[in-house]
Amino acid sequence: MSIRDLFTISRKKNTDNITKREDEKAFPEGIVTKCPKCKMIHVTKEIEKNLKVCTKCQHHFSLTAEERIACFLDKGSFVSMDDHLQTTNPLNFPAYVEKIEIDKKKTGLNEAVLTGVGALKGMQVVVAVMDSHFRMGSMGSVVGEKITRAVEKATELRVPFIIFTASGGARMQEGVLSLMQMAKTSVALKRHSEEGLLYISIMTHPTTGGVSASFASIGDYNIAEPQSLIGFAGRRVIEQTVREKLPDDFQTAEFLLDHGQLDAIFNRLEMRDKIATIVKLHVQGGVSHV
Amino acid sequence: MSKLMAFEEPVVKLREKIVELKTIATEAEVDMSGEIEKLESRLQELEKNVYANMEPWDRVQVARHAERPTTLEYIERIFDDFIELHGDRTFKDDASIVGGIASFNGQAITIIGHQRGKTTKENIRRNFGMPHPEGYRKALRLMKQAEKFNRPIICFIDTKGAYPGKAAEERGQSEAIARNLFEMAGLRVPIISVVIGEGGSGGALALGVANQILMLENATYSVISPEGAASILWKDASYAKQAAEAMKITALDLKQLEIIDGIIPEVAGGAHKDKEQQAIIMKEYITNTLNDLNKESAEQLVENRYTKFKNIGQYIEQ
Chain V
1 MSIRDLFTIS RKKNTDNITK REDEKAFPEG IVTKCPKCKM IHVTKEIEKN LKVCTKCQHH
61 FSLTAEERIA CFLDKGSFVS MDDHLQTTNP LNFPAYVEKI EIDKKKTGLN EAVLTGVGAL
121 KGMQVVVAVM DSHFRMGSMG SVVGEKITRA VEKATELRVP FIIFTASGGA RMQEGVLSLM
181 QMAKTSVALK RHSEEGLLYI SIMTHPTTGG VSASFASIGD YNIAEPQSLI GFAGRRVIEQ
241 TVREKLPDDF QTAEFLLDHG QLDAIFNRLE MRDKIATIVK LHVQGGVSHV
Chain P
1 MSKLMAFEEP VVKLREKIVE LKTIATEAEV DMSGEIEKLE SRLQELEKNV YANMEPWDRV
61 QVARHAERPT TLEYIERIFD DFIELHGDRT FKDDASIVGG IASFNGQAIT IIGHQRGKTT
121 KENIRRNFGM PHPEGYRKAL RLMKQAEKFN RPIICFIDTK GAYPGKAAEE RGQSEAIARN
181 LFEMAGLRVP IISVVIGEGG SGGALALGVA NQILMLENAT YSVISPEGAA SILWKDASYA
241 KQAAEAMKIT ALDLKQLEII DGIIPEVAGG AHKDKEQQAI IMKEYITNTL NDLNKESAEQ
301 LVENRYTKFK NIGQYIEQ
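These protein sequences, in sequence, are chains V and P. full-length UniProt numbering numbers the first residue of the first sequence as 1 and each following residue consecutively. full-length UniProt numbering numbers the first residue of the second sequence as 1 and each following residue consecutively.
Extracted from the complex, chain V is given alone in its bound form:
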């Protein structure tokens, strides 16, 4: 599957396959791992040590929420929140509950986002990490509620809120309730912002649809990982509408940076340091957050 197939709704393919990149196939328990981009063969342990970034072409493999926390926050500082919230089936969609159960077992998460309080180089922050391995990271009621509560926690503690987004967008099986989570998370972020607090949005592969069109795009700082797919509408939908071939780099982080939609792209290997620096520049000086 090429990168351009990722965000398109295909009639033939099951939606479950949409975000499955070659990464995942490339990461079995095996000893070696092949980079889907440059085809370089890596020793799995070595590439894991390198935060799952290809040493040859800098391809960023997708991370689970736990892996992200492990490589971003101070060791052992993270305390998760709202793991008790459970998804229901408000529209009575066939097989929805079963699908959620499968992904819960697969990821160890209660939903497609992991939230909690932790420390970044000693500075207290509230963090939310979306996990694309759980229903494509799509946002339904629980994801919306968890993010909203995390933002409210950050407002209450008067600390920065940092999110790593990875999502196909609003979750179809919860219909218009999913759509409304875009508004819900936004009203919480507005309140956090009015308190003069810092919000950093870090977009990772993929960040599309309703997530891209809500909290992901309104950080005080909008950051992305290299080559991440970021956009509102799906590539194939756009190609059908405009009837022209889109450039290969369309909707990549680099494309967005070039069009003025991002503050910066940070490589995963420098992410912790760079974000810590941004937070530090807000904690010290003019406005104190702690």
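Capping the alpha-carbon separation at 20 Å, the derived lysine-lysine pairs in PhoX-like fashion look like this:
#1 P/Lys166 to V/Lys245
#2 V/Lys153 to P/Lys310
#3 P/Lys235 to V/Lys99
#4 P/Lys275 to P/Lys118
#5 V/Lys75 to V/Lys49
#6 V/Lys274 to V/Lys121
#7 P/Lys92 to P/Lys144
#8 P/Lys48 to P/Lys38
#9 V/Lys56 to V/Lys45
Short, incomplete list of chain V residues facing chain P, as computed with Cβ under 8 Å:
#10 Thr87
#11 Leu91
#12 Val142
#13 Leu177
#14 Leu179
#15 Gly210
#16 Ser212
#17 Ala213
#18 Ile218
#19 Phe232
#20 Ala233
Everything labelled a hint here was simulated from the structure, so no lab data went into it. Even for Gly, the Cβ is constructed at its ideal location relative to N, Cα and C.
Take the given structure of chain V and dock chain P to it, following the hints.
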């Protein structure tokens, strides 16, 4: 002549039959008044029945009806002294969103809405009511202006969705929508959003972070079009009818999901059957809603909007 919708077929057919019968009766000079009378009362009954038992898919047809009144048609019937204001001050004027200032029951207000075209030519100019980022940025500019002058904001939602195009992505469609959600949350004036036709996904919601959300009886509001949902669920867009049902997109569904605050009734058969009467009904509902919101302080308005959206969603705490 308005387009025939499938669910209306029995009504239309019977009406045609009556006309036919009348013609025959006149031409042949026979008295058939008894039969005609019977059929006419049957027609009335049928009409009542058909319009009272509309399926979600029937409502989708009504919501998309070419003759369905648009934002500008309501504006001219409901508000006085409307002055349209253009442009986002950055890129251009997006004609798929209209906005301006007007007087409503003597109170200055700001009005913003998606605007479809009625003819092909107008639809091309208005991009079929599907905005680019500059449309949302114009809307936000007018909302901020309303806040400065302490004017309530009334939004009419009527779009298939934000435009999925190359230029829209390049200019930040996501950011434009997201920014509206975020900024609307903090506006210190009353906001009323009325879904008058199709409420398509994020492109609709970008005018929808309101204190009170109303929907016309046959309007729809959804995360994805029935066709889109069908092609995902059944891998076939022709299952749109089933999807319209499954996705819970009608005004009644949204009221039951506790998302919207009120349903504005439509004239029998849909708003397009009698625009004047529909505008009168709409005006009454907006008047009542605004009268209530006018009593709230700026702090209460922001707080209540927060609570309203915070409470949307269904989950279990275990």
